[in-house]
Structures are given as structure tokens and as C-alpha cells.
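Asker: Each chain, letter by letter, is given below.
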Amino acid sequence: MTKAISVAGLHKSFGRTHALDGLDLAVEEGEVHGFLGPNGAGKSTTIRILLGLLRADRGAAVLLGGDPWRDAVTLHRRLAYVPGDVTLWRNLSGGEAIDLLGRLRGGLDEARRRQLLERFELDPTKKGRAYSKGNRQKVALVAAFASDVDLLILDEPTSGLDPLMEEVFRECVREERDRGRTVLLSSHILGEVEALCDRVSIIRGGRTVETGSLGELRHLTRTSVTAELAGRADGLGGLPGVHDLEVRGDHVRLQVDTDKLDAVLRRLGETGVRSLTSTPPTLEELFLRHYENGPDGPDGPADPAAPAVATGALAADAEARR
Amino acid sequence: MNALTGTGTLTRLALRRDRVMIPAWVVPIALLVASTASAFGGLYDTPEERAGVAASTAGNGSLRALYGPVFDTGIGGLTAWRMMAFGSALAGLMAILLVVRHTREEEEAGRLELVGAGAVGRRAPLAAALVTGFGASLLLGLLVTLALLGQGTRGAVAFGIAFAGAGCSFAAVAAVAAQLTESARAARGISGAVLGLAFLTRAVGDAGSGTLTWLSPLGWAENIRPFADERWWVAALFAVWAAGLVTVAHALVARRDIDASLLPPRPGPAAAGRRLRTAQGLAWRLQRGSLWGWTAGFAVGGAALGGLADGAADLVRDNERLADVMRDMGGASGLVDSYLASMTGVMGMIAAIYAVQAVLRLQGEENSGRAEPVLATGVGRVRWAAGHALLAFAGSVLLMAVSGFTMGLGYGATTGDTAGQIGRLTGAGLVQLPAVWFVAAVALLLYGAAPKAARASWGVASLTLATGLYGPALRLSPWVMDLSVFTHLPKVPSADVTVAPLAVLTVLALALAALGLAALRRRDITA
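From first to last, the protein sequence lines stand for chains F and H.
Going by the UniProt record's numbering, the first residue of the first sequence is number 1, and it counts up by one from there.
Going by the UniProt record's numbering, the first residue of the second sequence is number 1, and it counts up by one from there.
If you're looking for bench data, these hints aren't it; they were derived computationally from the structure.
Ideal Cβ positions, reconstructed from N, Cα and C, are used throughout, including at glycine.
Be aware that one or more of the hints could be misleading.
[Claimed, not checked] Over the 10 Å line for every Cβ pair with chain H, so calculated as not near, a few chain F residues:
no., residue
1, S6
2, H18
3, D24
4, E31
5, P83
6, D85
7, L104
8, E118
9, T125
10, A140
11, I189
12, A195
13, D257
14, T258
15, R266
16, E270
[To be verified] Per label pair, the in silico range of CB-to-CB distance:
no., chain 1, residue 1, chain 2, residue 2, range
17, F, T74, H, T418, 33 to 43 Å
18, F, S159, H, R275, 44 to 54 Å
19, F, S159, H, G297, 41 to 51 Å
20, F, S159, H, D524, 22 to 32 Å
21, F, S159, H, T5, 25 to 35 Å
22, H, G8, F, D57, 44 to 54 Å
23, F, G66, H, T5, 27 to 37 Å
24, F, D67, H, A514, 19 to 29 Å
25, H, R275, F, A8, 41 to 51 Å
26, H, D259, F, D148, 44 to 54 Å
27, H, G289, F, A8, 46 to 56 Å
28, F, E110, H, A243, 33 to 43 Å
29, H, R266, F, G66, 40 to 50 Å
30, H, R266, F, S159, 25 to 35 Å
[Said to hold, decoys possible] Derived, one-sided and incomplete: chain F residues facing chain H with beta-carbon distance under 7 Å:
no., residue
31, L51
32, L54
33, V73
34, H76
35, R105
36, G106
37, P163
Using the sequences and the hints, build the whole thing.
Answerer: In C-alpha cells:
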């Protein structure tokens, strides 16, 4: 597979602040790639460099086979961008802004525009100043999804959308992938990342700390289980992959590596289960581990307070690249 | 909690935010009044000369329309005559901008919602904005009084009250306008229209019998008659007017929801028109309203200045020093032509201010984050910037052509040779363009190469205007005058057109603009 985006060792400073400190990013053609990191990690800076708005101090960036700085205009005809904080022209209506942005990219699909306006329930006749944050984002999303482009760069595009609209957004991203388009999705919403992304890169302090397919990353996560049992459960602590076990009478609370869930459930079943809550595996834990470390803290999964987590090939991969 | 809880805190917030803006308004206005008084002391130092001014004004309706009547021929009285109409209008403009900034603009930006959720009464934000607007007006009045104390205490106090009263009157107008529309821009537009109407009513009244003058707050300001047997009771008119409008504004704010307005917002088109398809189309769409406004202003200004030409020459004719000043400004051929040349130059300097704001629209677009999505499409930076720069350059051609045309129309109506004057003065207007372009190009260069310093181009444009307007009267040394690019233009129509300076300035302007665009290509776009 060819790469839609390939970035290696990117550095960018603003005065004394090092926004990017050797960032790597590889996005395959046709995939939806999640781009995650805490605030200030350098996501937007990376995206702005990819858009040719900022010039990198050092490092290589290739976008759709071109140089994002030198070939900006040609490349931009093949991509659509949705900023995280959409500001619109106060006296242009939403419909005008959609058409303008689409036309400046080289035209947009009228039928799809109409359909998207309906699906996002967006009134295109309101003036820019009258839209709420969510509706401004919808304007930028409709303009992006209605454009005929190879690559979509979405910078936290759903932070103002309600759950219904979030669902519409997810459908649209899936449709884009089905058409073979590449999507770079910067997001804080883990459910969204889990639902949409084929692969994920997590960055912190301007560096990539984790990258891999969702399956690989899910492997690193745990399911939490809360159960009320018919009797005392013995030997749970001895099972492989069980963490943070708490037993209070008949009540049990524990975390288990997702691939070891089966054995735990069998043991609980042997005791007899009165009630059971199992929180499905999320990436949250993994993200939190990366998010919570201070900017100068250790990279990767070296947090000593956390129980040993299988780091696998991924972390080794990241390690090697550093 | 009553409806005014939090007014004190919000007022302190407003004053903290305006700690530069309020002094930047009131100090220059007060200095302008002080320097006018001292300049008049030098220019008309005999009673005969001052009586001549009064006689010219009494005999010339267009002069009275512009400045109002002369009520007293002392230095103080003449200063009041010259400064009252424009100074009180400036005070009104300041108050309008302040009040809208702290009411509808806050509301539109969503900041009022944040503030309103605190322990803040429903009417407190409006009350705080009014306290700020009134306070700035009173401060202006106080400074003006101090500046004129040398001319007599009673007159100085009356002068201060006139300015403060005009400011407070229009602060109250803005408070009502801010309740009427959803957008701060429209609120400023409505208030500005009321201010313009007040100026016009006063002008028509003063040119005629004086009855209409009493319908305008700006007319009351002049009718307090500082230094001319002051009529203190006129100040009560300001109080009644302001109190009435403030009551209306408070009644309106108590009856409406946050973000709502009395005039419903108008929806826009659901799809973009054919012209909105390029960066140039967008620049046109964003700037056309402003350009039409400036064009209207230049048309009116040109006509008024042209119509005044004969009267102005009368004012100057009997005063050797004033005639010298006029010749310094406008060349030596004849007084009327000197006047026309100097006024054409002033229009050019004002056009330079238009050009700077048209160029700096780029910075507004960049800083607000609106440039980013556009530059992430197939539009290159140079094409994007050139779209706005073209409006600065071509827009100033339009402004100078229009003001030259109407100046010719206005002057031609008094001489009978309309067609000839239109041709001559339109040409004179166009001669200013290389200097206008040069200032615009400086703004473009600063924006491209040093965006943080781009606002300094406002300084360049205003200092150019200030040197042009006051340099000759203040007898500034030639090297200071040479710093203004307009000094290097031929003083048409009083002098002949010389091609060399025009060509040099045009080439320089193009070179600076090209440098600015080249620098823009190299730097980071920030949001």
C-alpha cells in the first residue's frame, strides 16, 4: 500500500516552545487514521504543517506524494480540511460558505451537498454569525464531505456535535472510506476513534508514542468487571491478566486484560452470578496512561504505578524509531 | 439580587479593557482643540482679522453648514466655531463605539452569556457600558475644559459641557441601537446613521434660519455658545435626551432574551451566487460594503469641499499668514486653486487610511482563523492576499475619482464651468494615487514581512494625514514634511503635473507590494 501521509522526525518551534520534537506519522492510502494526543501535544501544528500553513524547522513530510510546503496549492485541490475551531464570515450564509470552500477546491457534488445538508439538519440560509459552534462545524463538514477529494484532514471535527449528529458524522466517514478515500482524524472522543479508525497514532509532547492498528491497541486494554456473586469467589487473583482486584463480601470488582476475559467469566460462573456489569474494552485506559504523564515524563508505557501491560511489538516499534 | 447587581465590577472590567482606547480617543481630541486655539491666536491676532472671519461666515451658507455660525470673535469664540461641529461629532462617535463594544459586541461574541451566568443583574451589562460611555465623554469634556482655561473659565467649562453632552447623547443612542439588532456592526451602523443625520440637520439648520439646528444634539452643543455669553440651560436638553433614551434602552433590555433583538435577523441565500467562486470574489464580497460606504463619504466630502472653495478663499484672502499656510499646503497659483489642491491632498490622505484598512483585512482574516480554511483549498497565499490588495489599490482609484468628480461638481456649480472643473479636479484627485498606493504598499509589506508590526501602518497613515493637515499651520520644518509621501506630489490643480515623482512613487509602491507578497509566501500562517 502507498502512503497518503508520511512524516518523519518533524520539528517545529514557536519561540522557545517546542511544539513538535521529532514527530513521525504514517497514514496508508484508503485508511481512516486516528490522530490522538492531549491538548498541546502538537496535533494541530502537525496538521498545519501538512497543509503548508506552517513550515517545519526540520524533518520530512510527504503528502499525497508531494511536498506540503512547495506544492501546497496543487495538493490542496486533492484534500479537504475541517478545522477544530471553525470561524465563518459573519455576513455570508452557511450555504454560501459551503459553496465557496467547495469551489475553491475545484467544485463540489451538488446532489451530495443537498443530501448532506439534510442529514446534518443544517439550515444553509443562516448568516455565519448566527450559527452555534456545532452548526459552524457542520458547515465545514458539509463542504468537506461534498468535495471530490482523495484525502480528508479533520481536526477534532465533532467537538460541538450532539450524539445524533455524531452518528451522522460517523456514517459519512465510513462512506468516505468505502469510496477509497483516506481520512486523518484528530479526535479526543475515544468512542469515535474506536468506531471509525483502522489505525491510530498517539502523540505527546510533540512525539509519537504509540502507533498501530486498533486490534493491536485493543489488545493492550482491559475490561472492567463488577459482579455480585452467590458465594465467595476464590482464586480470582491468581488468574492471568487480572488487575486491581477488589473483593468485598459477595461483591467483586476487577480489571482484566481483554484476551483473558474468558477464564475470569468461567471462574465467576462456577461461583454463581447474581448480577454482572462488564464495561466493554475501550482505548481509554491506554490513552489516559499517555495523556496523564507529564510532558517531561517517560515516554511509552513505562509508568511504574500501572501494572505491567503487554507492550508487544508496537512499543518496541516506537522505541526503535526513536 | 437586583437588576443592577454587578454593574460596578463590569464597569471596572470595561475600563480595564479600554485603558488604551479611551485615552487614545480623548487625548488627541483635547490636543486638537488646544492646538486650534493656539493656532488661531497666531493666525488672527488682530480684532479686524477676526471680524473678517465672522463676516465671511455670516455671508456664506456653505461655511456655516460646515462649521456653524460665529457667535463671538475672540480666540475662544473662534475656536468654538471651528471645533464644535466636528469635535462634538467625534465625541459622539467615540461614545457610540464604546457603548456598542460593551453591549452588543459582547453579546454577539458570546462573552455576555458567560458574564450573565454570574451574579450579574439583567440590566447591569447595559448600565456598565453606559457608565463607561458617559465617563469617557465627561473625561473628554474635562480635558477640553482644562485645555481652554487660558481663554476664560466660563467659556472653557461650557465648551467641555458641550463635548461631554454630545458624547453622552450618542452613548444613549447606541444603547438603544444595541437592543435593536443582533449584530454589533449593524448597531454601530444605526447609531452612526443617527449621528450623520444629526450632523446634517445641524448643517442645514445653520446654513438657513437656524431652527432645524435645535433638533440636533450637535446643534445644542454649538448653542451652549461657549465664550459668547453662555446659555447654560441648553445643557438640560442633553440630559433630557440621554435620560429618555437610557430609559428606553433599559426597558428594551428587560423585555428581551439574551442574543435576541427587536429587528429580526434576515436569512441569507441557501447557495452562493456565481461571483463567489474565487479568492477575489470572496475579497470583494467581504469588502464591498465598506467600499460603498467610503465612496458615499468621498462623494459627499468632495462636493462639500468643492462648494466651499470660494468661501474658504474669502476667509483667507485678508489674512497674510493664513494665505501663506494655504499656499504651503496647496501651491502658489491662486488662493482658490491652492485651496482645491490642498483639499484634494487631504482626500488622498484619507484614501490612504481606506487603503490601509483594506489591506489589513488580510490580517483580520488570518487572526480570526478564517484565512486557514481558504488557504487549505486550491488558493495560493499570493492570490488570496492579492484579492484584498487589489481592492485597496483599485478602491482608492474609485474614491479619488469620485471625490474629484463631486468636488468639480460642487465648485463648478459656483463658477458655472462645471464640465471644466470636473475634468480638472478629477485629474487632480487621480494624481494623489501613487502616494495612496505607496501607503497601502507599506501596509502590505508590514503584513507580509512583520505581521506583528502591521498595525503600525495605521500610524503611518494617520501621521501622514496629521502632517498634511496641521504641518503647514504649525510651521513644521521641511524635513518633517518630507517624511509624508504626499509632500512629494505635484500640487495639482494649483501647479502643473510633473511625471517624475508620480512614476517613482508608483514603481516604489509596486516594489514594496511585491516584497510584501514574497515575504508572505515564506512565513508561517498563524491563527
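Asker: Each hint needs a verdict: does it hold in this structure or not?
Answerer: Okay, the hints, checked on the actual structure:
No Cβ of chain H approaches the Cβ of S6/F within 10 Å, the least distance being about 19 Å, so the stated non-interface status holds. Every beta carbon of chain H lies more than 10 Å from that of H18/F, the smallest distance being close to 15 Å; the non-interface claim holds. Against the 10 Å criterion, D24/F stays outside the reach of chain H, whose nearest CB is about 21 Å from its own CB. The claim that E31/F lies off the interface holds: its Cβ sits roughly 21 Å from the closest Cβ of chain H, which is beyond the 10 Å cut-off.
Distance check on P83/F: its Cβ comes as close as 6 Å (rounded) to a Cβ of chain H, failing to clear the 10 Å threshold; non-interface status is violated. Not every CB of chain H is more than 10 Å from the CB of D85/F (nearest about 6 Å), against its label as outside the interface. Not every beta carbon of chain H lies more than 10 Å from that of L104/F, the smallest distance being close to 4 Å; the non-interface claim is violated. Distance check on E118/F: its Cβ is at least 12 Å (rounded) from any Cβ of chain H, clearing the 10 Å threshold; non-interface status holds.
The beta carbon of T125/F is not kept farther than 10 Å from every beta carbon of chain H, the shortest such distance being approximately 4 Å. At roughly 7 Å, the least C-beta separation between A140/F and chain H is not larger than 10 Å, which violates its mark as non-interface. Non-interface status of I189/F relative to chain H is upheld: no Cβ of that chain comes within 10 Å, the nearest being about 22 Å off. For A195/F, the requirement that its beta carbon stay farther than 10 Å from each beta carbon of chain H is met, with the minimum near 26 Å.
Every CB of chain H lies more than 10 Å from the CB of D257/F, the least distance being 42 Å, so the non-interface label holds. The claim that T258/F lies off the interface holds: its Cβ sits roughly 39 Å from the closest Cβ of chain H, which is beyond the 10 Å cut-off. Annotated as non-interface, R266/F keeps its C-beta farther than 10 Å from every C-beta of chain H; the closest such distance is 53 Å. Every CB of chain H is more than 10 Å from the CB of E270/F (nearest about 55 Å), matching its label as outside the interface.
Evaluation of the 33 to 43 Å hint for T74/F and T418/H yields a failure: the beta carbon distance comes to about 55 Å. For S159/F and R275/H, the Cβ-Cβ distance of about 33 Å falls outside the hinted range of 44 to 54 Å, so the restraint is violated. For the hinted restraint 41 to 51 Å between S159/F and G297/H, the CB-CB distance of approximately 43 Å keeps it satisfied. Our hint of 22 to 32 Å for S159/F and D524/H holds, since their Cβ atoms are close to 24 Å apart.
For the pair S159/F and T5/H, the supplied restraint of 25 to 35 Å holds, since their beta-carbon distance comes to about 34 Å. Roughly 49 Å separates the CB atoms of G8/H and D57/F, a value that falls within the hinted 44 to 54 Å. At about 60 Å, the CB distance of G66/F to T5/H disagrees with the hint of 27 to 37 Å. Separated by about 24 Å at the C-beta atoms, D67/F and A514/H satisfy the suggested range of 19 to 29 Å.
Between R275/H and A8/F the beta carbon distance is about 44 Å. The supplied range of 41 to 51 Å therefore holds. Under the hint 44 to 54 Å, the C-beta atoms of D259/H and D148/F, about 37 Å apart, miss the expected range. Roughly 48 Å separates the CB atoms of G289/H and A8/F, a value that falls within the hinted 46 to 56 Å. Roughly 57 Å separates the CB atoms of E110/F and A243/H, a value that falls outside the hinted 33 to 43 Å.
At roughly 43 Å, the beta-carbon separation of R266/H and G66/F lies within the given 40 to 50 Å, and the hint holds. With their beta carbons about 29 Å apart, R266/H and S159/F fall inside the hinted range of 25 to 35 Å. Given hint, L51/F at the interface with chain H, holds; its Cβ is 5 Å from that chain's nearest Cβ, closer than 7 Å. Checking L54/F against chain H by beta carbon gives a least distance of about 5 Å; that is within 7 Å, so the hint holds.
Interface restraint check: V73/F against chain H, minimum CB-CB distance 5 Å, threshold 7 Å, status holds. Evaluation of the H76/F hint against chain H yields a held restraint, the C-beta minimum of about 5 Å falling below 7 Å. Checking R105/F against chain H: minimum C-beta separation of about 5 Å stays under 7 Å; hint holds. Annotation: interface hint on G106/F holds; nearest CB of chain H at approximately 6 Å, less than 7 Å.
Residue-level restraint check for P163/F is violated (minimum Cβ-Cβ distance to chain H is 23 Å; threshold 7 Å).
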